[in-house]
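Trainee: Each chain is listed here by its residues.
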Amino acid sequence: MAERGAAAQLRWAVFSILAIAVTMAFLFPIYWSFSQSLRNPLDTFTVAGFGIPWVNFEPTLGNWIDQVGTPETMHALYNSTVISIAAAILALLLGVPAAYAVARFQFRTWKNQDITIWFLSQRILPPVATVIPFYLIMRTFNLLDTHLALILINATFVLPFVVVILRQTFLELPVELEESALVDGASYWTAFWRVALPLAAPSMAATGLIIFAFSWNEFLFAVAISSQNVITIPVHIAGAVDTRGVQFWFMGVRAMVAVIPPVLIALIAQRYIVRGLTMGAVKG
Amino acid sequence: MFYVPKNAIYKRIPRRKFLELGGGVATALGAGSVAVGLSSVVTRSPVQAASSDDAKWKQYSGTKLVFMSENTPPSFAIRENLKPFYDLTGIEVEILTDDLPVVQQKVGIDLRSGKADFHLNYVQDKPIGAPFADYFANLNDFINDDTLPQDPDGMGADAWFENFLDVCGTMYTRDRLIAFPYDSAVACTFYRQDLFEQHSPDFEKEYGYRMEFTKDTTWKNVYDFAEFFKKLRAAGQDVPYGYAQHQGSFAWTAQLDIQRLMYAHGQWTEFDVDDKLGSKEPGPTRWGDESSIFLMEKWKELASVAHPDNLANDTLQLNTVYQAGQIAMQVQYHEFAASIEDEKTSRAAGGKTAYAPCPKGEASWIKNGGQAVNGTSCGIGGIGINNNASDDLKRAAYLFAMWSTSKETQYNVLKGVGGTPTRKAVMDMPGVKEARQRPTDMPNALTFDAVYDYGIKDPHFVLGPKIPEANEYYQIILTEVQKCISGQQDPAATCESIRDQVDDMNDI
Chain U
70 MAERGAAAQL RWAVFSILAI AVTMAFLFPI YWSFSQSLRN PLDTFTVAGF GIPWVNFEPT
130 LGNWIDQVGT PETMHALYNS TVISIAAAIL ALLLGVPAAY AVARFQFRTW KNQDITIWFL
190 SQRILPPVAT VIPFYLIMRT FNLLDTHLAL ILINATFVLP FVVVILRQTF LELPVELEES
250 ALVDGASYWT AFWRVALPLA APSMAATGLI IFAFSWNEFL FAVAISSQNV ITIPVHIAGA
310 VDTRGVQFWF MGVRAMVAVI PPVLIALIAQ RYIVRGLTMG AVKG
Chain Z
4 MFYVPKNAIY KRIPRRKFLE LGGGVATALG AGSVAVGLSS VVTRSPVQAA SSDDAKWKQY
64 SGTKLVFMSE NTPPSFAIRE NLKPFYDLTG IEVEILTDDL PVVQQKVGID LRSGKADFHL
124 NYVQDKPIGA PFADYFANLN DFINDDTLPQ DPDGMGADAW FENFLDVCGT MYTRDRLIAF
184 PYDSAVACTF YRQDLFEQHS PDFEKEYGYR MEFTKDTTWK NVYDFAEFFK KLRAAGQDVP
244 YGYAQHQGSF AWTAQLDIQR LMYAHGQWTE FDVDDKLGSK EPGPTRWGDE SSIFLMEKWK
304 ELASVAHPDN LANDTLQLNT VYQAGQIAMQ VQYHEFAASI EDEKTSRAAG GKTAYAPCPK
364 GEASWIKNGG QAVNGTSCGI GGIGINNNAS DDLKRAAYLF AMWSTSKETQ YNVLKGVGGT
424 PTRKAVMDMP GVKEARQRPT DMPNALTFDA VYDYGIKDPH FVLGPKIPEA NEYYQIILTE
484 VQKCISGQQD PAATCESIRD QVDDMNDI
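Protein chains in written order, with the numbering used here: chain U, 70 to 353; chain Z, 4 to 511.
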């Protein structure tokens with residue numbers, strides 16, 4: 070019995086060490102950006118040790134003061150916020166009914182599973198393969214360098230997540246609740262709107278947060294479609310590389326500015342995000 | 004799933020209703036796109052040859068133009084100061100800026116699809132000019148048009164620095180001129196004069212000559228300098244590495260980097276064509292010959308004494324490494340001097356850095372019987388006009404192309420953000436001559452002796468290769484040379500692989 074307890078403790082210790090190591094590996098780039106953002110530009114590569122403020126170098130807020138207040142940074146934050154929120158709302162508006170339909174109705178020509186896999190396939194398609202077609206479409210409609218273009222594109226690419234995650238949510242809800250409503254004279258729409266949707270609200274919130282984060286981090290289409298007016302925060306970060314070289318100090322500040330909003334949202338809604346991510350993990 | 008009885012009655016949408024809905028949506032989209040498509044504007048007041056200059060400048064007042072440019076200092080500076088052009092012409096110009104690869108793609112789509120969303124294009128010589136040469140308007144038509152105003156300093160070859168008009172404006176034929184030189188990036192040597200002076204006595208004891216940089220310093224000397232600094236580091240001294248290459252992920256500058264060494268030794272070039280014109284059918288490449296294999300071996304030897312992050316740094320990163328005091332010497336583009344001399348961000352500022360021409364060829368390394376020169380490569384960014392635009396828009400665009408490359412505009416950029424002039428007349432503007440010496444308020448001018456007085460002149464200047472598949476060529480060079488430097492293949496196999504791929508690309 071004591072041996073079994075010791076083995077369990079050992080296993081726990083090994084897993085803990087592994088978990089800490091993996092966490093540190095994932096957190097290191099963020100820490101590095103933070104450290105860079107507090108360094109004098111002259112100290113970019115010359116700081117010893119792990120670059121710990123006050124220990125390895127004297128930190129300065131100069132880079133933050135230079136960067137955070139600039140119109141370019143504020144504009145990029147504004148653009149990212151508008152595009153990510155609007156794309157998430159649009160994807161939910163389109164994706165929730167689609168997910169409900171796939172979960173609750175029997176399709177005949179294309180089977181339900183085929184439709185679900187088709188949605189999933191949109192995520193398997195390499196986005197870079199569609200950059201030029203999207204660029205041409207947006208140009209045709211004179212939408213280059215507009216919020217609407219990036220909202221539509223981001224919504225397109227996060228839509229499969231909404232459908233796949235929420236389909237599983239609706240499948241997990243007892244269908245009898247909606248059938249009871251139908252027996253009481255409700256239409257399918259009313260059963261969806263009044264019964265299923267309120268029950269799926271936590272998952273919808275989680276899904277919304279996840280797709281918000283995807284749109285927030287999107288770079289490829291943002292750099293192709295934007296030129297001046299709708300530069301998003303990831304494109305703004307990349308803009309710290311110019312003919313003066315790589316301005317790591319500004320890149321550090323911009324990266325931290327970019328990370329803060331999604332991290333805050335994630336911390337606030339952590340419980341829902343985990344639920345959203347694990348939904349469908351065990352059932353097909 | 005909901006239970007649905009087998010005999011359930013479905014309420015279907017009638018075909019007529021479906022078609023009505025579809026037609027409504029299509030009409031709305033069509034009307035919307037027509038409405039937004041009407042947003043570009045061109046207006047014209049007719050002028051004649053005898054009209055006043057003011058009338059000629061103002062003949063397109065009310066017109067809107069779009070200029071797609073790389074994110075270079077002149078474009079930022081001009082964008083911030085467009086009012087004088089608007090006051091002069093009444094033309095509104097929107098300047099869009101992006102990284103060069105993005106500009107290549109956007110401009111390429113615009114040109115090849117027969118559109119003119121961008122009336123004016125940044126014509127970076129080889130990456131944009133060489134593949135898209137046929138899509139730009141012939142500027143000679145406007146230079147010879149007496150209903151357009153003309154720059155008093157002229158727009159011909161004599162107005163620009165030697166070879167500049169050829170680099171970005173002449174592609175495959177002298178019958179057409181596709182761009183005016185807008186900005187320039189010419190290679191020269193940046194080195195830490197303070198460290199060279201400090202360690203020269205020790206270097207001289209070991210190598211038998213002084214550690215200094217002149218126009219006669221060869222690539223063999225560069226190897227010696229780099230090896231010396233590396234030895235000092237190995238002995239525990241607190242010194243930077245001596246040298247590093249541009250062998251990171253940016254294919255074009257990686258190609259320009261090795262091109263300098265190759266051209267310095269017997270003016271070796273990739274193809275047997277006129278380097279100033281280039282060719283759409285360049286014929287078999289010289290890669291794989293004795294010279295190229297020997298020089299590739301030397302390139303690999305240079306890499307062995309370079310900074311250990313050599314394969315991670317392209318041009319921009321390398322400049323940052325130099326700014327950080329991690330290397331004592333770099334061959335770099337003269338537009339970077341402004342960042343090197345910025346004391347807030349550079350450890351190499353404050354008189355520590357000196358500038359010299361690119362290294363010269365080492366006589367004993369020349370295998371083709373040619374001459375040893377200071378192989379100087381470049382990127383001359385031009386401004387060109389989209390030939391898909393209407394005649395009036397092209398004429399309006401010419402006004403901006405001329406104004407943006409005038410000596411007054413270039414002088415303002417040089418004073419403001421550190422531009423790199425392309426017009427000779429800028430050298431005679433107030434304060435420019437004095438700015439070539441420290442202390443200076445135009446740090447790029449510190450490179451002018453090495454660049455404008457020496458590097459760009461024949462026989463040192465290498466312009467090409469101007470071939471339609473220039474960008475594909477760069478990628479081949481980058482991929483194969485990286486394999487060589489990292490030890491995955493030997494120099495001979497590298498040159499032969501480049502030869503096979505390049506000849507295949509050119510249908511040889």
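Everything labelled a hint here was simulated from the structure, so no lab data went into it.
Treat the numbers as computed from the prediction; the structure is a model and nothing was measured.
Where hints are given, some of them may not hold.
Partial chain Z-side listing against chain U, Cβ under 7 Å, derived [unchecked claim]:
(1) Met4
(2) Phe5
(3) Asn74
(4) Leu103
(5) Gln107
(6) Thr217
(7) Leu314
(8) Thr323
(9) Gln326
(10) Ala327
(11) Gln329
(12) Ser342
(13) Arg350
Backbone N, C-alpha and C fix where the C-beta goes; we use that ideal spot for every residue, glycine too.
Trainee: Hint numbers the structure violates, sorted upward?
Mentor: 4, 5, 6, 7
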